[in-house]
Amino acid sequence: MDPQTILSRIGIALQQARTQRGLTQGQLASRAGVTRQKVVQVEAGLGTVGAEYYAKLAGAMGLEFSLTPARRPTLDELQNMDLS
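For the sequence shown, our numbering gives the first residue as 105, with consecutive numbering after it.
Treat the hints as calculated values from the structure; they're not laboratory data. Any given hint might turn out to be false.
Have a look at the derived ranges for each label pair, beta carbon to beta carbon [said to hold, decoys possible]:
{"no.": "1", "residue 1": "139", "residue 2": "176", "range": "31 to 39 Å"}
{"no.": "2", "residue 1": "135", "residue 2": "183", "range": "30 to 38 Å"}
{"no.": "3", "residue 1": "106", "residue 2": "130", "range": "25 to 33 Å"}
{"no.": "4", "residue 1": "172", "residue 2": "139", "range": "27 to 35 Å"}
{"no.": "5", "residue 1": "177", "residue 2": "135", "range": "28 to 36 Å"}
{"no.": "6", "residue 1": "105", "residue 2": "168", "range": "16 to 24 Å"}
{"no.": "7", "residue 1": "134", "residue 2": "177", "range": "31 to 39 Å"}
{"no.": "8", "residue 1": "179", "residue 2": "135", "range": "32 to 40 Å"}
{"no.": "9", "residue 1": "173", "residue 2": "131", "range": "30 to 38 Å"}
{"no.": "10", "residue 1": "137", "residue 2": "182", "range": "34 to 42 Å"}
{"no.": "11", "residue 1": "177", "residue 2": "130", "range": "18 to 26 Å"}
{"no.": "12", "residue 1": "170", "residue 2": "125", "range": "12 to 20 Å"}
{"no.": "13", "residue 1": "130", "residue 2": "173", "range": "32 to 40 Å"}
C-beta: ideal position from N, C-alpha, C; glycine also.
Could you put together the complete structure from these sequences and hints?
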């Protein structure tokens, strides 16, 4: 599977977890000890953000990562893929 799709899915999952907890991006940033801009970048699934930031946000919400078998990309994910 395309690494960008994986990062995008992680970012979406973290964003959903944040909103389910009623947290703003600023509140999560404060809890995790990062800037709000890093939260924005992680939730966007940017590959230029180190894995440490993904882990900090997850940890600040009492979450950890687990690996699961890949599922096929959704139509939206396929449309956003860089196939060049």
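Does the beta carbon distance between residue 139 and residue 176 stay inside 31 to 39 Å, or does it fall outside? Roughly 35 Å apart at Cβ, these two residues keep to the hinted range, so it holds.
Go ahead and decide if the range 28 to 36 Å is satisfied by the Cβ distance of residue 177 to residue 135. 31 Å, holds
CB-CB spacing for residue 173 and residue 130 relative to the 32 to 40 Å hint: 35 Å, holds
Can the suggested window of 25 to 33 Å be confirmed for the beta-carbon pair residue 106 and residue 130? Holds - the Cβ-Cβ distance for residue 106 and residue 130, about 31 Å, lies within 25 to 33 Å.
C-beta pair residue 173, residue 131: status relative to the range 30 to 38 Å that was hinted: 33 Å, holds
Residue 179 versus residue 135 beta-carbon gap, inside 32 to 40 Å or not: 34 Å, holds
Can you tell me whether the CB distance of residue 172 to residue 139 sits inside 27 to 35 Å? The hint (27 to 35 Å, Cβ to Cβ) holds, given that residue 172 and residue 139 are roughly 30 Å apart.
Using the Cβ atoms, figure out if residue 105 sits within 16 to 24 Å of residue 168. 21 Å, holds
Are residue 135 and residue 183 spaced within 30 to 38 Å by their CB atoms? 33 Å, holds
Take a look at whether the Cβ-Cβ distance between residue 170 and residue 125 falls inside 12 to 20 Å. 19 Å, holds
Quick check: does the Cβ-Cβ distance between residue 137 and residue 182 fall within 34 to 42 Å? Given a distance of about 36 Å, which is inside 34 to 42 Å, the answer is holds.
Honestly, do residue 177 and residue 130 meet the 18 to 26 Å range at C-beta? 31 Å, violated
The structure is inconsistent with hint 11 alone, although it conforms to all the rest.
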